[in-house]
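Student: Here are the chains, one letter per residue:
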Amino acid sequence: MQELEVRGKLRDWIAKHAKKPLTAEFGDETPVLELGILSSLDVVEFVLFIEDLRGGDVDADDIGPDAFTNINTLYSAFFARS
Amino acid sequence: METATELATRLTGASRRKAWDVYSAFNWTASLEAGRWCMPPELISIYGTPAYEALGDEQKKRLSLFEIGNFFSLVLQGERPLVQGLVHRLYLNSSSREITEYLHHFVDEENKHMVMFGEFCNRYIGKVYPEKKIALAREYAKGEEEVAFFCKVMVVEELGDFYNVLIERDERVAPLVRELNRVHHIDEARHLAFGRLHLAELSARYLFEWPAETLAGFGAWLVEYLRASWGDYYNPTMYRDAGLADAYEVRQMAFAHPACAAHRQRASAKLVKYFVKTGLLAEEPLL
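Taken in sequence, the protein lines are chains A and B.
Position 30 of the first sequence, counting from 1, maps to 30 under this note's numbering, and the rest follow consecutively.
Counting the second sequence from 1 gives a position; this note's numbering is that position plus 1000.
Treat the hints with care, as some may be off.
The list that follows gives simulated cross-link-like pairs (lysine to aspartate or glutamate, DMTMM-like), each with its CA atoms no further than 20 Å apart [claimed, not checked]:
id, chain 1, residue 1, chain 2, residue 2
1, B, LYS1277, B, GLU1146
2, B, LYS1133, A, GLU51
3, B, LYS1152, A, GLU5
4, A, LYS9, A, GLU51
5, A, LYS16, B, GLU1249
6, B, LYS1273, B, GLU1283
7, A, LYS9, A, ASP57
8, B, LYS1133, A, GLU25
9, B, LYS1112, B, GLU1139
10, A, LYS19, B, GLU1224
11, B, LYS1127, A, ASP42
12, B, LYS1270, B, GLU1284
13, B, LYS1133, A, GLU29
14, B, LYS1133, A, GLU45
15, A, LYS19, A, GLU3
16, B, LYS1152, B, GLU1119
17, A, LYS16, B, GLU1224
18, B, LYS1018, B, GLU1168
19, B, LYS1133, A, ASP66
20, B, LYS1127, A, ASP62
21, B, LYS1133, A, ASP62
22, B, LYS1152, A, GLU25
23, A, LYS9, B, ASP1246
24, B, LYS1018, B, GLU1006
25, A, LYS19, A, ASP57
26, B, LYS1127, A, ASP57
27, A, LYS16, A, ASP28
28, A, LYS9, B, GLU1249
29, A, LYS16, A, GLU45
30, A, LYS20, B, GLU1168
31, B, LYS1133, B, GLU1224
32, B, LYS1133, A, ASP61
33, B, LYS1273, B, GLU1284
34, B, LYS1133, A, GLU34
35, A, LYS9, A, ASP42
Keep in mind the hints are simulated off the structure, nothing from the lab.
Small disclaimer: the values here were computed from a predicted structure and weren't measured.
Start from the sequences and build out the full structure, keeping to the hints where you can.
Tutor: This is the structure we're talking about:
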C-alpha cells in the first residue's frame, strides 16, 4: 500500500472516531490526543485497525504514547519501518 | 454496616484458610482432551452471528480453545497493572494496617492467577495475547486516580467472574479449564467483596467534592473504559489463530451485532448497576 493511501486511511479512521468534528486545518501534524480528537481508550481500537492495515500485530511494549501524536508519527512508527 | 477495614480482617482470615500452591494445584496434561469445548459455545464472542453459524462443529471447538486463551490472557493482562497498583498502595498512611495486611493476600492471589493463566496459554496456545491499551499521563481531581484504579479493578474482576462462574459449571468444558475457572472464582469472590466496599467508601469520600463537570467527565471515561474492555473479548489475532478469514472484519461485525451487544449488556448488568448505585455513572449505558 502506498504512503498516501495509508495516510488517507489513517485520516479517515480518525475522522470517523473523532470526539469532535475535524476542522479545515486538520492535517498530518495535528495532535490528535492532545486536542482531544481521540481519547487514550480509542487507541486500543486504533491499534487493531493499524494491525489490519499493515497486516501484522503491533507489540504495545515497543510502542510509546508518542507514536499516537499525529498522522506523521503514526506513519513513522507503524508503516515506515515495515 | 461493616467497614472496609473490618471486612479486610475477615478476608485475610479466609485467604489464610484457603491458601493454595499454584505450582502443585493443577495436572498440566500434555494436551487438552480432544473433542471437548474449552469455552461454552454461548460464551464464544461471535456466538449468535452468521460467522459463528457458518463454522462446523470442529471449527467451533477449535475457536473455543483460542477464545479461552484470549480470555485468560485478557484477565492476566488486567491483573498486571492491578498488582502494580496494589503494591503501590501497601503501607500507605491513609490505609489501615488491616487493609495493608489484606492487600498482601490480594497481591499474592493475583500473582498466582497470572502464573496459572500464563502457564495455560503458553502450554496450549503457545503464547499470551498482548495488551493493547496504552497508558497516557493525565491530570486528576482529588481522589480521582484512586477511584479510577478501583473502577478498573472492578471491571476486570466482575466481567471475568461472570465468565468464571458459567465456565466452571459447564460439563461440556474440558476439566482443566473448569478447574482454573473454579479456583479463580473462589479467590475473586473475596477480591470483589473488598473492591465493592472499598470503592463505595472512596466514592462516598470524594464524589461530592468533585465539580459536576469532573463527575460527568469521569462517567464518560468509565463508559468508554467498559467498552474498551469489552473490545478485548473480540480479538482479531485470536480469530486469525483459530483459522477464521478476515479476522478484523469478523471483530467489527461481531462487536456491532445485536446478539453480541445483548450478551455484553447481560454480562455487565451487575457491574453497571453497582456503578450507578455508587454514583459513578448517572445511568446504565449501552455497551
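Student: If a hint holds in the structure, say so; if it doesn't, say that too.
Tutor: Right, here's what the structure says about each hint:
1. Proposed proximity of B:LYS1277 and B:GLU1146 is supported: the alpha carbons are some 18 Å apart, at most 20 Å.
2. Only pairs whose Cα atoms come within 20 Å are accepted, and B:LYS1133 paired with A:GLU51 is accepted, the gap being roughly 14 Å.
3. The straight-line distance between the Cα atoms of B:LYS1152 and A:GLU5 is roughly 37 Å, outside the 20 Å bound, and the hint therefore fails.
4. Using a Cα cut-off of 20 Å, the hinted pair A:LYS9 and A:GLU51 holds, with the two alpha carbons roughly 13 Å apart.
5. For the given pair, A:LYS16 sits about 16 Å from B:GLU1249 by alpha-carbon distance, which is consistent with the 20 Å threshold.
6. Straight-line distance between C-alpha atoms of B:LYS1273 and B:GLU1283 comes to about 9 Å, which keeps the hinted pair within the 20 Å bound.
7. Between the alpha carbons of A:LYS9 and A:ASP57 the distance comes to roughly 18 Å, so the proposed pair stays at or under 20 Å and holds.
8. Straight-line distance between C-alpha atoms of B:LYS1133 and A:GLU25 comes to about 29 Å, which puts the hinted pair past the 20 Å bound.
9. Taken as a hint, the B:LYS1112 and B:GLU1139 pair is broken in the structure, with Cα atoms around 33 Å apart against an allowance of 20 Å.
10. A distance of roughly 12 Å separates the Cα atoms of A:LYS19 and B:GLU1224; the hinted pair therefore holds under the 20 Å criterion.
11. Our distance criterion of 20 Å between C-alpha atoms is broken by B:LYS1127 and A:ASP42, whose separation comes to about 25 Å.
12. Distance restraint check for B:LYS1270 and B:GLU1284: the Cα-Cα separation of roughly 11 Å lies within the 20 Å cut-off, and the hinted pair is therefore satisfied.
13. Restraint check for B:LYS1133 and A:GLU29: not satisfied, since their Cα atoms lie roughly 23 Å apart, outside the 20 Å limit.
14. For the given pair, B:LYS1133 sits about 9 Å from A:GLU45 by alpha-carbon distance, which is consistent with the 20 Å threshold.
15. Taking the CA atoms of A:LYS19 and A:GLU3, the gap is about 26 Å. The hint is violated against a cut of 20 Å.
16. With a C-alpha separation of about 24 Å, the suggested pair B:LYS1152 and B:GLU1119 falls outside the 20 Å cut-off, and the hint is violated.
17. Between A:LYS16 and B:GLU1224 the alpha-carbon distance is near 16 Å, which keeps this suggested pair within the 20 Å criterion.
18. Simply put, B:LYS1018 and B:GLU1168 have alpha-carbon atoms about 18 Å apart, close enough for the 20 Å limit, and the pair holds.
19. For the proposed pair B:LYS1133 and A:ASP66, the alpha carbon gap of about 14 Å is at most 20 Å, so the pair holds.
20. In summary, the hint linking B:LYS1127 to A:ASP62 is supported, as the alpha carbons are separated by about 17 Å, within the 20 Å threshold.
21. Between B:LYS1133 and A:ASP62 the alpha-carbon distance is near 12 Å, which keeps this suggested pair within the 20 Å criterion.
22. Proximity of B:LYS1152 to A:GLU25 is assessed by CA-CA distance (about 36 Å); at most 20 Å being required, the pair is judged violated.
23. Taken as a hint, the A:LYS9 and B:ASP1246 pair is honoured in the structure, with Cα atoms around 18 Å apart against an allowance of 20 Å.
24. The straight-line distance between the Cα atoms of B:LYS1018 and B:GLU1006 is roughly 19 Å, inside the 20 Å bound, and the hint therefore holds.
25. Only pairs whose Cα atoms come within 20 Å are accepted, and A:LYS19 paired with A:ASP57 is rejected, the gap being roughly 26 Å.
26. Between B:LYS1127 and A:ASP57 the CA atoms are separated by roughly 13 Å; this keeps the pair inside 20 Å, and the hint holds.
27. Restraint check for A:LYS16 and A:ASP28: the C-alpha separation of about 16 Å stays at or below 20 Å, so the hint holds.
28. Between A:LYS9 and B:GLU1249, the direct Cα distance comes to roughly 16 Å. Compliance with the 20 Å bound is thereby established for this hinted pair.
29. Distance restraint check for A:LYS16 and A:GLU45: the Cα-Cα separation of roughly 12 Å lies within the 20 Å cut-off, and the hinted pair is therefore satisfied.
30. Using a Cα cut-off of 20 Å, the hinted pair A:LYS20 and B:GLU1168 is violated, with the two alpha carbons roughly 44 Å apart.
31. Annotation: proposed proximity of B:LYS1133 to B:GLU1224 holds, straight-line Cα distance about 12 Å (limit 20 Å).
32. Between B:LYS1133 and A:ASP61 the CA atoms are separated by roughly 10 Å; this keeps the pair inside 20 Å, and the hint holds.
33. Note on B:LYS1273 and B:GLU1284: the hinted pairing holds, with a Cα-Cα distance of about 7 Å set against a maximum of 20 Å.
34. This hinted pair checks out: B:LYS1133 and A:GLU34 have alpha carbons roughly 17 Å apart, not beyond 20 Å.
35. A distance of roughly 16 Å separates the Cα atoms of A:LYS9 and A:ASP42; the hinted pair therefore holds under the 20 Å criterion.
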